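Dock chain B against chain A, hints included.
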Amino acid sequence: MNKNTNNTYFLADWLEGKLSDDQLKKLVSEKDFNEYLKLRKSFDILSELNKPMDDTLYSIKKKISSKPKSKVISLYTKFALGIAASLLLFLGLYSKFSNQDIIYKTATGKQQTIALLDGSQVILNGNSTLKYNKKSWKNKRELFLDGEAYFKVTKGQKFTVNSKNGSVSVLGTQFNVNSRDSYFKVFCFEGKVKVITKNKKEHILTPSKGVTVYDGIEKEITNQKTKPNWLKGEKTFENTPLKIVIAELENQFNVKIDKGNVNYTTLFTGGFDTKNLNLALASVFKPLYIKYQIKDKNIKLRQIDTND
Amino acid sequence: MQNEPEKDICKTEVFDTVFKQYSNDLKRHLYFKYRDLASAEDVLQETFIKLWNNCSKVSYKKVKSYLYTVANNAFLDIKKHDKVVLEHQKGYVNYNKTESPEFLMIESEYLIEVENAIASLPQKQREVFLLSRMEKKKYREIAEMLDISIKTVEKRMHDALIRIKDKLGRKL
Numbered sequence: 001m002n003k004n005t006n007n008t009y010f011l012a013d014w015l016e017g018k019l020s021d022d023q024l025k026k027l028v029s030e031k032d033f034n035e036y037l038k039l040r041k042s043f044d045i046l047s048e049l050n051k052p053m054d055d056t057l058y059s060i061k062k063k064i065s066s067k068p069k070s071k072v073i074s075l076y077t078k079f080a081l082g083i084a085a086s087l088l089l090f091l092g093l094y095s096k097f098s099n100q101d102i103i104y105k106t107a108t109g110k111q112q113t114i115a116l117l118d119g120s121q122v123i124l125n126g127n128s129t130l131k132y133n134k135k136s137w138k139n140k141r142e143l144f145l146d147g148e149a150y151f152k153v154t155k156g157q158k159f160t161v162n163s164k165n166g167s168v169s170v171l172g173t174q175f176n177v178n179s180r181d182s183y184f185k186v187f188c189f190e191g192k193v194k195v196i197t198k199n200k201k202e203h204i205l206t207p208s209k210g211v212t213v214y215d216g217i218e219k220e221i222t223n224q225k226t227k228p229n230w231l232k233g234e235k236t237f238e239n240t241p242l243k244i245v246i247a248e249l250e251n252q253f254n255v256k257i258d259k260g261n262v263n264y265t266t267l268f269t270g271g272f273d274t275k276n277l278n279l280a281l282a283s284v285f286k287p288l289y290i291k292y293q294i295k296d297k298n299i300k301l302r303q304i305d306t307n308d
Numbered sequence: 001m002q003n004e005p006e007k008d009i010c011k012t013e014v015f016d017t018v019f020k021q022y023s024n025d026l027k028r029h030l031y032f033k034y035r036d037l038a039s040a041e042d043v044l045q046e047t048f049i050k051l052w053n054n055c056s057k058v059s060y061k062k063v064k065s066y067l068y069t070v071a072n073n074a075f076l077d078i079k080k081h082d083k084v085v086l087e088h089q090k091g092y093v094n095y096n097k098t099e100s101p102e103f104l105m106i107e108s109e110y111l112i113e114v115e116n117a118i119a120s121l122p123q124k125q126r127e128v129f130l131l132s133r134m135e136k137k138k139y140r141e142i143a144e145m146l147d148i149s150i151k152t153v154e155k156r157m158h159d160a161l162i163r164i165k166d167k168l169g170r171k172l
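Protein sequence lines correspond, in order, to chains A and B. Residue numbering for the first sequence follows the working numbering, starting at 1 and increasing by one per position. Residue numbering for the second sequence follows the working numbering, starting at 1 and increasing by one per position.
Think of the hints as simulated: they come from the structure by calculation, not from any bench. One or more hints might be untrue.
Unchecked claim - Under the rule of at most 25 Å between Cα atoms (straight-line distance), these lysine to any residue pairs were calculated in the SDA-like manner: (1) 165/B to 23/A; (2) 198/A to 219/A; (3) 192/A to 203/A; (4) 63/A to 167/B; (5) 192/A to 225/A; (6) 41/A to 64/B; (7) 64/B to 203/A; (8) 155/A to 101/A; (9) 155/A to 85/A; (10) 209/A to 231/A; (11) 51/A to 24/B; (12) 25/A to 162/B; (13) 243/A to 260/A; (14) 167/B to 47/A; (15) 295/A to 225/A; (16) 38/A to 117/B; (17) 25/A to 42/B; (18) 64/B to 52/A.
Said to hold, decoys possible - Stretch-level coverage of chain B by chain A, calculated; a stretch enters the list once three of its residues show a Cβ under 8 Å from a Cβ in chain A: (19) 42-54; (20) 62-71.
No experiment lies behind these values; they were computed from the predicted model shown. For every residue, glycine included, the Cβ atom is placed at its ideal position computed from N, Cα and C.
Looking at chain A on its own, in the form it has when it is part of the complex (with noise of 0.2 Å):
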């Protein structure tokens, strides 16, 4: 112990700073010097940790009040905005989604498979398009069709085909629409199919069964077959005019046809290959009489007279 009692107070000297740490050391013990240390700095603690706490109520109560008013009301105000605006974002975006028609469109030529989401499944022939609005279809299966396409339907709801010629509907079958321009033909291969077309009339087609309507005139037709042609690389035609079978030409090859001086009312029976365009031309024309001359994406018909 290091009874150092001068006349000066030197620990209180140096507990009010007039001493340095420095000059304390040389007058104490080093372990004493280490006490009086860890002491001061207690001192400090315990000052701080009892001191009035006005000044930390003083910051609470102004941070409590830089929230405006009570702060219950403030944060369900928040929360309100919150939901209010998340709800405008989530309207805009589904009303976006619910406009947003989901189409599928072929290029010429090409065939694309489509999975409905029912599990129906759709064959879409070169050069057409189906759309069906995603929010609506859970309510109503409903498509939209220009151009060709193979419908293979899972059983449900009602399955409407709409095109600007008409409509089809089924429950759950194998059917093929065509609709092109004015030309439009449905076939049965599975189940029951109700056609409606644009003139109001109403077809119902059982399996082999079929409906073409050209420029008015409505037609069933009836055949044996169990796919569409076009699904195996063939297209095949029953008295169908020959205007019609020239676009089909035209948008399975991508070419121009340029008719001459063929008489496109002209009923054609046959069919043609859909992946080779010579044959094709071949298999359409030459029983005809036509002859044809390719040049580049240009084929330019001309009939041959046939009373020779």
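The following block gives chain B in isolation, referenced to the frame of chain A:
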């Protein structure tokens, strides 16, 4: 069921009373927990702000346990977490060396012993000592307040410190 109506913490007077009643103890508790005065102060403020925000949900009878629960949990949330951890580590390293006074680790037990030692000082020494160390009054101010000489203040301070040190030396 009690007849007395429940005190509403949402009322400013009640809130202030609660604060005055528990803030010092809570801060002390937090200091002992975190060993850092700034963190203790931060958590204390956060805790009472939280009490205010939930004033309608907290019953007056349970306010103490609410405060301690919130304060204990707040440690995890407080942003200074990492800083505190760092201080902890610093503290431990320097405690082993027992050198730099800024980083001296003060154990809560030690702090309590110091308090006891101060409390057991002779009344005249304690009076001066508390005014000086706790209320941070200058010796001259204390002399004026107690109507004694500065020399007397200095003597009492000097003796008090030695007494405290000796008492702790015997204890530890």
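Hint check:
For the hint linking residue 165/B to residue 23/A, the alpha-carbon distance of about 19 Å falls within 25 Å, and the restraint holds. With a C-alpha separation of about 14 Å, the suggested pairing of residue 198/A with residue 219/A holds against the 25 Å cut-off. About 10 Å separates the Cα atoms of residue 192/A and residue 203/A, which keeps this hinted pair within 25 Å; it holds. Restraint check: the Cα-Cα separation between residue 63/A and residue 167/B comes to about 44 Å, which exceeds 25 Å; the hinted pair is violated.
Straight-line distance between C-alpha atoms of residue 192/A and residue 225/A comes to about 15 Å, which keeps the hinted pair within the 25 Å bound. Distance restraint check for residue 41/A and residue 64/B: the Cα-Cα separation of roughly 29 Å exceeds the 25 Å cut-off, and the hinted pair is therefore not satisfied. Restraint check for residue 64/B and residue 203/A: the C-alpha separation of about 82 Å exceeds 25 Å, so the hint is violated. Of the pairs offered as hints, the one joining residue 155/A and residue 101/A holds, with about 23 Å between alpha carbons and a cut-off of 25 Å not exceeded.
Proximity of residue 155/A to residue 85/A is assessed by CA-CA distance (about 41 Å); at most 25 Å being required, the pair is judged violated. With a C-alpha separation of about 18 Å, the suggested pairing of residue 209/A with residue 231/A holds against the 25 Å cut-off. A C-alpha spacing of about 8 Å is found between residue 51/A and residue 24/B, which places the hinted pair at or below 25 Å, so the restraint holds. For the proposed pair residue 25/A and residue 162/B, the alpha carbon gap of about 15 Å is at most 25 Å, so the pair holds.
A C-alpha spacing of about 12 Å is found between residue 243/A and residue 260/A, which places the hinted pair at or below 25 Å, so the restraint holds. For the hint pairing residue 167/B with residue 47/A, the CA-to-CA distance comes to about 20 Å; that is within 25 Å, so the pair holds. Straight-line distance between C-alpha atoms of residue 295/A and residue 225/A comes to about 35 Å, which puts the hinted pair past the 25 Å bound. This hinted pair checks out: residue 38/A and residue 117/B have alpha carbons roughly 14 Å apart, not beyond 25 Å.
Straight-line distance between C-alpha atoms of residue 25/A and residue 42/B comes to about 36 Å, which puts the hinted pair past the 25 Å bound. Simply put, residue 64/B and residue 52/A have alpha-carbon atoms about 19 Å apart, close enough for the 25 Å limit, and the pair holds. Counting residues of the stretch 42-54 of chain B whose CB lies closer than 8 Å to any CB of chain A gives 6, which reaches the minimum of 3, so the coverage claim holds. With 0 residues bearing a CB less than 8 Å from a CB of chain A, the stretch 62-71 of chain B misses the requirement of three and the coverage assertion fails.
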